[in-house]
Amino acid sequence: MQRDNRQSADSGSLPPAIGVVICTRDRPAALLETVASVLPQLGAGDEIVLIDDGCMAADTRAELEKMCAGRGVPIQYHQNESPGLTRGRNLGARVARGEVLQYLDDDVTCLPGFFEELRLLFLDTTVAGVTAIVEEPAFSSRGGRLYQLGYCIAG
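For the sequence shown, position 78 (counting from the first letter as 1) is numbered 78 according to my numbering, and the numbering increases by one without interruption.
Since the hints were made in silico from the structure, they are not lab data. By construction, the Cβ of each residue, glycine as well, lies at the ideal position given by its N, Cα and C atoms. A few of these clues could be false.
[Unchecked claim] Ranges of calculated distance between the beta carbons of each label pair, as one might list FRET restraints:
#1 L85 with A57: 17 to 23 Å
#2 Y147 with N90: 29 to 35 Å
#3 A36 with R89: 17 to 23 Å
#4 S82 with E33: 25 to 31 Å
#5 T125 with Q148: 36 to 42 Å
#6 A69 with R94: 21 to 27 Å
#7 Q79 with T125: 35 to 41 Å
#8 E63 with T125: 14 to 20 Å
#9 I153 with A57: 35 to 41 Å
#10 S13 with D107: 31 to 37 Å
#11 G150 with G70: 38 to 44 Å
Use the sequences and the hints to build the structure in full.
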């Protein structure tokens, strides 16, 4: 029998507010899909922080703002003056208001329950950080399988 050494916060504790930091560069369709997978899972106190390393079109930005407003989730937009993923994530960390930051690329899909599990993990006061299991998409074409093979060999 394993002993559970986790320590939970007071039973009256609220789940932590999550700041979802998404760094993007000129992939509007993928970004819209990513945000669409995230929004239904966010609640009061959560936010989305977009860090733009490229040149986001005004209509894409307006669509994102409309999507977030429809769910009551605040969205921050920041143009990254010093492009690069690490710089973008650092900018996101400076401007986000969430107690927990979840960094996402602009081409991921968060499965239902992802943020619920994240909240539960952070109710344990001994948890300081977590990482998700990333499932690579299955490529069915010959070229896609060769790409995956090369990716695996490269490490």
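Hint compliance check: list the failing hint numbers for this structure, sorted ascending. 8
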